[in-house]
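**Student:** Once you have looked at the hints, place chain B on chain S.
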Amino acid sequence: MAAGKYNRYDDFDFSAFEPKQSSYERNAARKLDTAPKRKTTADKKPEMKLVKKPKKTYEQAKSEMRFASFQSAKIITVSLLLLVMISALLYGRMKVDELDRQIQNTKTELSAAQSENVRLNMKLDSIISLKNVEEYAQTNLGMVKMESHQIEYIDLSGENKATVSGEKTLKKETDDKDSIGAKFMAYMSK
Amino acid sequence: MNSKSLKQLSLRATIALWVVFLAFVVCIGSLVRVAIIDGEEYKLKAEQNQLMDTKVSAARGTIYDSNLNILAKSASAWLVYIVPSKIESEEQRKAVVSILEETLELEEETLTEKASRDSNYVKIAGGVEEEQKVAIQDFIKQNKKLKLNEIIGIDPDTKRYYPYSSFASTIIGFVNSDDEGNAGIEMKYNSDLKGVSGRIIAAKNARQKKMASDYETMYAAQEGSNLVLTIDEVIQYYLEQSLDQALVDTGAKYAYGIIMDVDTGAILGMTSKPDFDLNSPNTIYSQSVLDRIEKVEDEEEKKQEKQNALFAQWRNRTISDTYEPGSVFKTVVVSAALEEGVVDMNTTYTCVGGIQVANNYQKCWKHEGHGTETLTQGLMNSCNPFFITIGQKLGKENFYKYFEAFGFTEKTEIDLPAEASPVADVTYHSLEKMGIAELSSSSFGQTFQVSPIQMITAISTIANGGKLMQPYIVDSVLDADGNVVEKTAPVVKRQVISEKTASAVASMMEQVVSIGTGKNAYVAGYHVAGKTGTSEKIGKKDAYIASFAGFAPANNPEIAILIAVDEPEGAHGGGVVAAPIAGEILEKVLAYLSVEPQYEDSEMKNISSTTPSLIGKSVSEAKQMASNYKVKVIGSGNEVIAQTPAADSQIRTGGVIVIYTDDSAAKQMAEVPDFTGMTMSQANSEAISCGFNIRFSGTTNSSEVFAYKQSTEPGTEAEIGSVITVYFKSSVNVQDA
Numbered sequence: 001m002a003a004g005k006y007n008r009y010d011d012f013d014f015s016a017f018e019p020k021q022s023s024y025e026r027n028a029a030r031k032l033d034t035a036p037k038r039k040t041t042a043d044k045k046p047e048m049k050l051v052k053k054p055k056k057t058y059e060q061a062k063s064e065m066r067f068a069s070f071q072s073a074k075i076i077t078v079s080l081l082l083l084v085m086i087s088a089l090l091y092g093r094m095k096v097d098e099l100d101r102q103i104q105n106t107k108t109e110l111s112a113a114q115s116e117n118v119r120l121n122m123k124l125d126s127i128i129s130l131k132n133v134e135e136y137a138q139t140n141l142g143m144v145k146m147e148s149h150q151i152e153y154i155d156l157s158g159e160n161k162a163t164v165s166g167e168k169t170l171k172k173e174t175d176d177k178d179s180i181g182a183k184f185m186a187y188m189s190k
Numbered sequence: 001m002n003s004k005s006l007k008q009l010s011l012r013a014t015i016a017l018w019v020v021f022l023a024f025v026v027c028i029g030s031l032v033r034v035a036i037i038d039g040e041e042y043k044l045k046a047e048q049n050q051l052m053d054t055k056v057s058a059a060r061g062t063i064y065d066s067n068l069n070i071l072a073k074s075a076s077a078w079l080v081y082i083v084p085s086k087i088e089s090e091e092q093r094k095a096v097v098s099i100l101e102e103t104l105e106l107e108e109e110t111l112t113e114k115a116s117r118d119s120n121y122v123k124i125a126g127g128v129e130e131e132q133k134v135a136i137q138d139f140i141k142q143n144k145k146l147k148l149n150e151i152i153g154i155d156p157d158t159k160r161y162y163p164y165s166s167f168a169s170t171i172i173g174f175v176n177s178d179d180e181g182n183a184g185i186e187m188k189y190n191s192d193l194k195g196v197s198g199r200i201i202a203a204k205n206a207r208q209k210k211m212a213s214d215y216e217t218m219y220a221a222q223e224g225s226n227l228v229l230t231i232d233e234v235i236q237y238y239l240e241q242s243l244d245q246a247l248v249d250t251g252a253k254y255a256y257g258i259i260m261d262v263d264t265g266a267i268l269g270m271t272s273k274p275d276f277d278l279n280s281p282n283t284i285y286s287q288s289v290l291d292r293i294e295k296v297e298d299e300e301e302k303k304q305e306k307q308n309a310l311f312a313q314w315r316n317r318t319i320s321d322t323y324e325p326g327s328v329f330k331t332v333v334v335s336a337a338l339e340e341g342v343v344d345m346n347t348t349y350t351c352v353g354g355i356q357v358a359n360n361y362q363k364c365w366k367h368e369g370h371g372t373e374t375l376t377q378g379l380m381n382s383c384n385p386f387f388i389t390i391g392q393k394l395g396k397e398n399f400y401k402y403f404e405a406f407g408f409t410e411k412t413e414i415d416l417p418a419e420a421s422p423v424a425d426v427t428y429h430s431l432e433k434m435g436i437a438e439l440s441s442s443s444f445g446q447t448f449q450v451s452p453i454q455m456i457t458a459i460s461t462i463a464n465g466g467k468l469m470q471p472y473i474v475d476s477v478l479d480a481d482g483n484v485v486e487k488t489a490p491v492v493k494r495q496v497i498s499e500k501t502a503s504a505v506a507s508m509m510e511q512v513v514s515i516g517t518g519k520n521a522y523v524a525g526y527h528v529a530g531k532t533g534t535s536e537k538i539g540k541k542d543a544y545i546a547s548f549a550g551f552a553p554a555n556n557p558e559i560a561i562l563i564a565v566d567e568p569e570g571a572h573g574g575g576v577v578a579a580p581i582a583g584e585i586l587e588k589v590l591a592y593l594s595v596e597p598q599y600e601d602s603e604m605k606n607i608s609s610t611t612p613s614l615i616g617k618s619v620s621e622a623k624q625m626a627s628n629y630k631v632k633v634i635g636s637g638n639e640v641i642a643q644t645p646a647a648d649s650q651i652r653t654g655g656v657i658v659i660y661t662d663d664s665a666a667k668q669m670a671e672v673p674d675f676t677g678m679t680m681s682q683a684n685s686e687a688i689s690c691g692f693n694i695r696f697s698g699t700t701n702s703s704e705v706f707a708y709k710q711s712t713e714p715g716t717e718a719e720i721g722s723v724i725t726v727y728f729k730s731s732v733n734v735q736d737a
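Protein sequences appear in the order of chains S and B. My numbering applies: residue 1 is where the first sequence begins, and numbers increase by one. My numbering applies: residue 1 is where the second sequence begins, and numbers increase by one.
Honestly, the hints are just simulated from the structure, not real lab data.
Coverage of chain S stretches by chain B, computed from C-beta distances (three or more under 8 Å per stretch; other residues unrestricted):
id	stretch
1	107-114
2	128-140
A few chain B residues facing chain S, derived, Cβ under 8 Å:
id	residue
3	70
4	73
5	75
6	76
7	129
8	130
9	161
10	163
11	164
12	165
13	233
14	234
15	237
Don't be surprised by glycine CBs; every beta carbon is placed ideally from N, CA and C.
Bound conformation, chain S alone (with noise of 0.2 Å):
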């Protein structure tokens, strides 16, 4: 579009104003620099010129693709790192929802079993009702109701002694020494 007309900047030299790059680094941006240069001048061809390009050292060259390599370790690091993440913040989601579906399901299982277990103690509640199991006592056993009279009660307000037959008291030791001081006061009093 603007062919053959001046550019009032192709004077200038602006190189001098760029930070000063290491040979790498300019190697880099040019390279990199694969867009079509504007035309600085219409009627001027570019001048060419052959750069020479300095021979790397074998030092150089070593560091250069040490660096490399270094740099697609880390980004192979990063990305086996990256896929790690992901794939364990699948996992950890795929386990919640396997642990949520085994929760859900023992929930069931759980509400099941105790309905059940309802069911089943009602059905024993009906059949030990009083009515059966009087009927079953009464009519299979021969068992009859209890009397007030086969009630026994004992009297535990009167002495500390137990009776263990219907004659034989056994007397605590406190009675026993009451007794040996009592024999004691009368053999003196004799």
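**Tutor:** Relative to the frame of chain S, chain B by itself:
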């Protein structure tokens, strides 16, 4: 680039700009419509699409008796429904009907009718148990071709279990298909029992399934409260057992009874027979009612009849029915008269068989008259002219004052639904409209009506020293963890009569049972006090209600009892029909409550002695030890290895003890004789001659008694020497109206 192309370019750009602008306007417009104008609607739709709102039903509370035995409990179950509109072939219909008929035990006819309806939802059954549900699901899976999963649907539901079927059915009540109480405690305490439903709001995924719990908001269901009743399972059982028997024995239409703790007003037992199975309340159990309904031809009328029959079946007659109390009410009149000082224990009256009241001559039930009688004798004889005189001496103001004070003009406020409401000049005579005739008839318990619960509350007032209690049936409310949230405190409504009056009336009532019209309620050793009553049913000729109300022990009352037999066939007097039932129940209940019997000297002669332990003794020793009995030796051994009856059994002196001395000796059996109609001595000699022992129960302190029931059925085989309990009652001087 020439100017023409530039123009074209500019036009295109302008058009494009407009198109973009218009599109932008449309977008903004839609955004405004979606976000602002119809915002709420879309928000709701989005929520419905993304969120899952599930209702969590609260478990209905459990009902316990006073010993924490379960009377009603809920558990989750299933509801089975069908979508008849999805049934496309006859094969599908048949499969649906057959599986539902088989698993749910329903009628084929009903199921076919339901499956033929043009509807998207027909409920088949609620409260379906897990086992049945699994059977239906298995059938659906096995018959995939029939696509039954689109026709049969299963939803969560709950089921209420009543383990003891008809036990205390008129008190407990039942729930409808929506789990709402429909009668009894279930209805009265519905809001406590049902709890508050909860909700789970969760995000759902594209498959409409619930997503992980991070998005879940849960409002937990508040479980229903549990109720502990004052009803004691054992006491209730004794009451129901006796009243069931009474229905059979007397051929009565209904029989009902209440047992109350006199000091607190707590109901220990309450029943209204015939009753129904709580697990199937919509079934009519009375064959005669079913026959009557069957005869009705009009469908609409039939439906109405069925509904009425169900309501009658569910009715708690002790609360909802009213009756003329008859002579039982005389206890209230005598209390009022003693309290007001218009009579004393020495007051006498001469009954000549009737009394002139205004223009009417009121006859005594004993036409020849009772002669001169004291106040106690008047009550014992249930003499109507004497009580008409007492009522007239008391005056209508005082009569009404005590009628009101004993709680007959108001509801008792018991915590049960459908209590009969007293209405002035309808169910009772108001003070303003009470004339001499009304006062006179009311004085012996006629021409007005009370409910059984009102009557037993008044009787308890006499028993507990004059305090009118508010009866109650729920003792405490427990939360889901079993902590007591609420405990019912007994409520004393008012002091009606003094303790002195109450005690005097109690001792008079004891006389009624010892030697008066209530002697058939006599229980040796327990000092029962009571009063019998007979009343003709209003609007029905020759239909009577026989009743007995009393308490025991008279010297230290613990429980009050009211028994009413509605329309008994044959004998209809309270003393003949109701009193023996009350006696039987009291004997069992007082023994259960560990009330020690205190025998009077006169009672001791009828009390059986206890058998000695003869096992291990030689035959001669055994004979010597059992010298007061008739000893029968079976076997040829020398040592007693078994005895019938066992040691410590209660038999009468002179009874039979069978001792076995040989392992090989077979137990000797004999046929049980029929003692019905025999006197005590006849029954005793008959028992001994057949080789059995006899134990007397019921009225045994009177000479004119006869046996009416025995513990072992006549004609059955029983081991000789075993004890047969024979129940006696009197038919002499037990008339009361």
